[in-house]
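All chains should be built: construct the whole structure from the sequences, respecting the hints.
The lines below spell out each chain.
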Amino acid sequence: MPQEQPPQDSVENNHAEQLPELFALLSRDKYTVQKTADDTLTLWVTANTLLPTLSLLKSLRQPFAMLFDLFGVDERLRLDKNTLPCKDFTVVYQLLSVERNQHIRLKVALDKDDLHINSITDLWPNANWYERECWDLFGIVFDGHPTLRRILLPPTFKGHPLRKEFPCRATEKDPFTIDEQKLAKEQEALRFVPEDWGMATSSADNDYMFLNLGPNHPSVHGVFRVALQLDGERVVDSVPDIGYHHRGAEKIAERQTWHGFIPYTDRIDYLGGVMNNFPYVLALEQLAGIEVSDRVKCIRVMMSECFRILSHMLFFGTFAQDVGQLSPIFYLFVDREKLFGIIEAITGARMHPSWFRIGGVAQDLPKGWDKMMREFTDYFPKRLDEYEVMVMQNSILKKRSIGIGKYDTNQALDWGITGAGLRATGCDYDLRKKKPYSGYENYDFEVPLDDQGDAYARTRVRVEEMRQSIRIIRQCVDNMPQGPYKADHPSTTPPMNHQSKHDIETLIQHFLNVSWGTVMPKGETTFAVEATKGINSYTMISDGTGTSYRTRIRTPSFAHLQMIPPMAKGLMIADLITIIASIDFVMADVDR
Amino acid sequence: MSDFLGDITGDFIIPIVILVALLLAGAWSTWLERRILAWWQDRLGPNRVGPFGLLQVVADMIKIFTKEDWIPPFADKVLFVIAPMIVMIMMMLGFAIIPFAPGIQIAHFDNGLLFLLAISSLSVYSIMLAGFSSNSKYALLGAMRTAAQMLSYEVFMGLAIMGIVIVADSFSLSKIVEAQADMWFIIAQPLGFFLFLFAGIAESHRAPFDLPEAETEIVAGFHTEYASMKFGMFFIGEYLGVILISALITTLYFGGWQGPWLPPLLWFILKTSFFVLFFILLRAAIPRPRYDQLMAFGWYILLPLALLNLLVTAAWQLAPTL
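Residue numbers (the numbering used here), protein chains in the order written: chain A, 1 to 592; chain B, 1001 to 1322.
Keep in mind the hints are simulated off the structure, nothing from the lab.
Note that the structure is a prediction, hence the values are computed from the model and not measured.
From the three backbone atoms N, C-alpha and C, an ideal C-beta is built for every residue, glycine too.
Careful, some of the hints might be misleading.
[Claimed, not checked] Output of the computed footprint for chain B on chain A, the stretches with three or more beta carbons under 8 Å from beta carbons of chain B:
#1 87-96
#2 323-330
#3 393-405
Encoded structure:
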């Protein structure tokens, strides 16, 4: 394997300035710097230097306290392999320092004959699921991992699907059948065995009861299973089991055209609508260097904030419902319906408009959109005030949620909690303020905070976020700039009609774009946005072809669910339900 | 001959009419609840079958009777079948002592109230047996909650009622109604009323005290494994429970069938309906407390208050004689 790195002195010096403390302690022969489109500090390190480097980063004065993402890449078919120090597989570690407001990416190259790397579960508890996922999908073994087993795929699954040789389409495999015997085998494989998870089946005085909460349970919000170790109704320990909603979105991304994957992103956080398109198109625009007009930016912000409200409304209603209050969800559904009406008028679809495009949006805003928006922004805050009295000031609800599922900022960072769950602990980290994208710096809004970090605080923060979103939407409506709704960029958007009818070059471009799909330049980038449930980021690796080489979707819900066991320890089943409700997740966002 | 006819009417016809009317009321109160809840929750509710969806109940009955009557293979079959019967029987028996109007009462017990307390204790067995015989974890949790909740709230119910007994100087429900000719007992026993109300909600395990069947926590609690009409019996039993508690509130605290202008029976039905609606409103408005909070509320707040109420009432009653 070629290990030579082309001289990149300027890049490197630039990077050394980004984090002088690290480079003062790290000797030059221990790492190689890679230039990425997002200008995130990216270092290739060897498997041996990984742990020391990570613990160094975690112990800096302003530490990289959060393991933001961990994923694998199968590099064997990579076209521009020669320019990088990669081998057959790569494990990528992305850390986030909230204090520095900075990301760092570490990469470790692994040979296909020796797919072993040290587990970092001792450094970050949330590495547990990420490493299991990486093993599940790539077959990379993390030495020292306590329970390295399938997480997204069924325990009986053969193979590691994100490897390039694994077929993507069902038609490439034998037809799927399931007979009685196989069914029994699969069922048996799903049985929860406490000993496998290091759980005792009895204490000194009595036996524990093990309860499968889910995968079909009224308040696990989809197909999600938590195996509970119960002493009476008290939760001694719990093991969340995910993967029932896994649809292989990351694999599908490797076969769809760049534009063709946009509808799939909508269905990742299926309550987030166009909010999911946002990091995807922004990442690709960054990769291709596409500048969009102010109008596009403003439209995108407005639509995303609408979806933030829609998602939070559903959260608010279901939270109240899970605590036993039946009515708010119905009122909120009525209000969601009003907002969906507006979304439908603008985009033509309701929950999954797939409306953003690389370099713009699908259409311009229709006539009369501003009137509808104004009506809604006048109507909804009053209703929200009423709901707040009904739900948040209810004394039973307060008793059920105050002090339940409590954690502090350090724990939150340790477990990779982002979004309202992090801000409810008093940590002021909102990407819309900290790393403004799509013109968020131009809007006047506040980031709601709370310092309790319990279920009630998380709900309060989200209620306040809805008000702030209304504020942003109002500003969008009042100051919507004029201009084109798509960028004039040959490789992304179809050219304007009047051009393609008079200019053969443009016509050819159009033809190629439609028949082959867009071609993205080579490169690598990560784009993170403050999505409805926390930070959602897309890491895109392009080989300069018509499809993505690797698409990594970092979703907030995945990290959040992993924290259920420490949050629920020692509480009652009813508290566990409150905790689950207060996390605000959807399973498609967890399992992808 | 006329005596014989009178006996027939008193011993057979009136009880049968009452029982049938109660069953119908129990069934139709499911319709009422769904419509009223829907109205309060900005929805429509069942409005397709018959006028205002009134025949929805009939459709539901046909559906529920034609469903597969499934008994889980892991259940204790005998108890599993008996459990839903107990709740129906006990609820119907409970109505035997309610004076609906002068002369319309199935059984004239002098110790009607004690009978009632006994009946409501027995109905707990239905739920406990259902939970244990199902041999399912959710049902077990539901049964555990029920056993604790209903047994403790029975204590406060009994203590709250004793206030009435002292004031009316009788255990007979018809005498209690007659004793309220001048003044409803809600005025004499306001604290007792609230205690009885809380205990009544807990006894009928309705929201917000529906912990035995809290669907967001333990799926359907004690009747998780039940299907078909066995489930239907629990369901109607629950609504009969609501009507029974409402009827008792009416009888004990709001003068029963007494009232001006309208016929006594109508007064009784109006007052009872008011409390049934109140139960539905509670379900629409209030979240569910946690199981241990409910128990703490009972033992730390309701029990001292109930004792205090009893003490003060007794002192008040005895004071003139000293």
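Hint check results:
Counting residues of the stretch 87-96 of chain A whose beta carbon lies closer than 8 Å to any beta carbon of chain B gives 0, which falls short of the minimum of three for the stated coverage. Beta-carbon proximity to chain B at under 8 Å applies to 6 residues in the stretch 323-330 of chain A; the threshold of 3 is reached and the given coverage holds. For the stretch 393-405 of chain A, the proposed coverage by chain B is satisfied: 5 residues have a C-beta within less than 8 Å of a C-beta in that chain, meeting the threshold of three.
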